[in-house]
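Asks: Work out the full structure, taking the sequences as your base and the hints as a guide.
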Amino acid sequence: MADYLVIVESPAKAKTIERYLGKKYKVKASIGHVRDLPRSQMGVNTENNYEPKYITIRGKGPVLQELKTAAKKVKKVFLAADPDREGEAIAWHLATALNIDIQSDCRVVFNEITKDAIIESFKHPRPINMDLVDAQQTRRIVDRLVGYNISPILWKKVKKGLSAGRVQSVALRLIIDRENEIKNFQPEEYWTIEGAFEKGKKTFDALYYGNGSEKIKLTNEEQVKAILKNVKNSTFNVVNVSKKERKRNTAPAFTTSSLQQEAARKLNFRAKKTMMLAQQLYEGIDIGKKEGTVGLITYMRTDSTRISDTAKTEVMSYIESKYGKEYIATADKAVKKAAGAQDAHEAIRPTSTMRTPDELKAVLSRDQLRLYRLIWDRFVASQMAPAILDTVAVDLQHGDVLFRANGSHVKFAGFMKVYIEGTDDQAEETTKLLPEMEIGDKVQSLAIEPKQHFTQPPPRYSEARLVKTMEELGIGRPSTYAPTLDTIQRRGYVVLDAKRFMPTELGEIVHQLVLEFFPDIVNVEFTAKMEHDLDEIEEGQRQWVDIVDAFYQDFEVHVKHADEAMEKVVIKDEPAGEDCELCGSPMVFKLGRYGKFMACSNFPDCRNTKAIMKLIGVKCPSCETGEIVERKSKTKRLFYGCNQYPECEFVSWDKPISRPCPKCSALLVEKKIKKGVQIQCTKCDYEETPSQ
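The numbers in the sequence shown follow the working numbering, run straight up by one, and end at 1733.
Just so you know, not all the hints are guaranteed correct.
Claimed, not checked - Derived pair list, reagent style DSSO-like, types lysine-lysine, alpha-carbon separation capped at 30 angstroms: (1) Lys-1270 - Lys-1056; (2) Lys-1631 - Lys-1258; (3) Lys-1270 - Lys-1724; (4) Lys-1285 - Lys-1224; (5) Lys-1156 - Lys-1064; (6) Lys-1065 - Lys-1101; (7) Lys-1330 - Lys-1156; (8) Lys-1224 - Lys-1712; (9) Lys-1631 - Lys-1540; (10) Lys-1285 - Lys-1483.
To be verified - Pairwise CB distance ranges (calculated): (11) Asp-1431 - Asp-1595: 26 to 32 angstroms; (12) Ser-1406 - Lys-1156: 20 to 26 angstroms; (13) Asn-1649 - Asp-1595: 55 to 61 angstroms.
I should point out that these hints are in silico values taken from the structure, not numbers from a laboratory.
All residues carry an ideal CB built from backbone N, CA and C; glycine is no exception.
Replies: Printed below as a string of structure tokens:
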């Protein structure tokens, strides 16, 4: 019989940890929280210091009973939930339910599930950290006060099933504010002039820069024509050659936020999927008889880029043996911490650099391997030397017209041997060699081509961009990014269109009401300050009751005002102008979770529904009388067609836009390319700079 009981959150971890600890230890899983606030009521006593009422979560009774029985049979119980606020709260709830003294050395934490880390952690058990518990409890109570006070008002004034949350409301605001920016955007015309030049037998490209003294922005065709008149088929003088050696530093190892962003860019993973796979890699994978089940990465909810000395020593040994000593980083790069970063854990890294992705191909699923490779590559590169690039800028002048050519090549690859960080526009370092040139040389222009462009509106938020923005603004924490994005989609407040967030009509209605009656809830600064307050509770600098009370005293006034003053929003069923093909009753427009749809007015006797053809504000270029609408193919792929079909058979996979091609007046479309969205003409070679 075992002497000690260890309780972890996940069954996957339990098996691995039990094997590491040996026969004296029995390891069981709580499968997450065992107690929480009740779902059927507020569960917070606002008249008695906001005392929370915790109950056993439905379905967790048998689990808790099994843990109680096991606890009675051992000398000591260790609580080994995850090493964060949520894990500390789970440990506290378990201690309360199992009558364990929270001041005793009952809490064990580890950042990675490897034998050495587990054994070392059990040498240093500690009491439960109530500051961490209070920080989690404060978040839970404030979120409950917000949700259970605002949601009933929305149910009463708009429709049942709606909700508003503290962090999700701010995320929704960011998306709606961006949508309004796009709607109000006024494109501005600008031009570029690209020249093809020849030096000896080598050709190269250069862009118009300005005159000899300043850079000039080209805003209209008249400016361009005046320049072209003097430079076609002309000889240019080389008036300046600037050669520099540039260092390019590597990116630090992953935090939760940067992992979600990079997995979206490079692997096309949603935030929720990234965290699910990371959890699997952290909890343990069976990698064969030699090691059995082992955690492959460190804890994946972190805002720190810190690396342990042991991990650094191992990775540097690997780099030296694989690439050579010159590829090892010679000094630690100072990394600026994100606003409000807690720095509680290490960065996300492999538990052993020696477990290379190639060696794990046989034991990991395709997606597990792709994410592990991303984490492994980034970590190894983070400890490698900077890349060194030789760059050259050459100025070419004819009269008062100046063109500039830029070139570069990699002199020393450094970390780029392993990994190059992605960007939102997917631009990566490219090698562009120029012929050797010196001041006084002459080069011949072969072709000078002007290009008209229009500025693009700011892009809608992708998941990666939204996570990055939330982190920069101090909204949410590593554990909340993915759940927040998931919540606003499940509520039907936003939808993903071409992997970009768009607010629904329902989302805009809810946002407008919350903005009017609860301005603090959607205030970015207010929400960021609340996160800062939670951090101060965790650090023992503030009392949780004071934070909750300061929030609730003002919030309660807003709740009473909203209940009295908010007018009922009547979402009427508008006539759709057609009859139901099943029963002949009039069809009407209804507002659902994902926007408007058509339904039979004879509901519930007739349950016929169908999607609305979405007009995009573009006349059909084929019949010139119809309107272009969004449609979906049988495989759910979006395409665009004329609403006069079958009389007009115009179709396009690319989204048409309302303005005509400035070059030939034909239809312009938004073409999805690797770098974003590029506007192209359907007839001539006109195209615009991609928008990201």
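Asks: Each hint: holds or not?
Replies: Here is how each hint holds up against the structure:
Between the alpha carbons of Lys-1270 and Lys-1056 the distance comes to roughly 78 angstroms, so the proposed pair goes past 30 angstroms and is violated. With a C-alpha separation of about 50 angstroms, the suggested pair Lys-1631 and Lys-1258 falls outside the 30 angstroms cut-off, and the hint is violated. Simply put, Lys-1270 and Lys-1724 have alpha-carbon atoms about 28 angstroms apart, close enough for the 30 angstroms limit, and the pair holds. A C-alpha spacing of about 43 angstroms is found between Lys-1285 and Lys-1224, which places the hinted pair above 30 angstroms, so the restraint is violated.
Pair hint Lys-1156 plus Lys-1064 holds up; C-alpha atoms about 15 angstroms apart against a cutoff of 30 angstroms. Our distance criterion of 30 angstroms between C-alpha atoms is met by Lys-1065 and Lys-1101, whose separation comes to about 26 angstroms. Proximity of Lys-1330 to Lys-1156 is assessed by CA-CA distance (about 15 angstroms); at most 30 angstroms being required, the pair is judged to hold. For the hint pairing Lys-1224 with Lys-1712, the CA-to-CA distance comes to about 20 angstroms; that is within 30 angstroms, so the pair holds.
With a C-alpha separation of about 25 angstroms, the suggested pair Lys-1631 and Lys-1540 falls inside the 30 angstroms cut-off, and the hint holds. Among the hinted pairs, Lys-1285 with Lys-1483 is consistent with the structure: their alpha-carbon atoms are about 22 angstroms apart, no more than 30 angstroms. Checked against the hint of 26 to 32 angstroms, the pair Asp-1431 and Asp-1595 fails, with Cβ atoms roughly 60 angstroms apart. Under the hint 20 to 26 angstroms, the C-beta atoms of Ser-1406 and Lys-1156, about 24 angstroms apart, fit the expected range.
Between Asn-1649 and Asp-1595, the C-beta spacing of about 48 angstroms breaks the proposed range 55 to 61 angstroms.
When held up to the earlier numbered hints, the structure conflicts with 1, 2, 4, 11 and 13 and fits the remainder.
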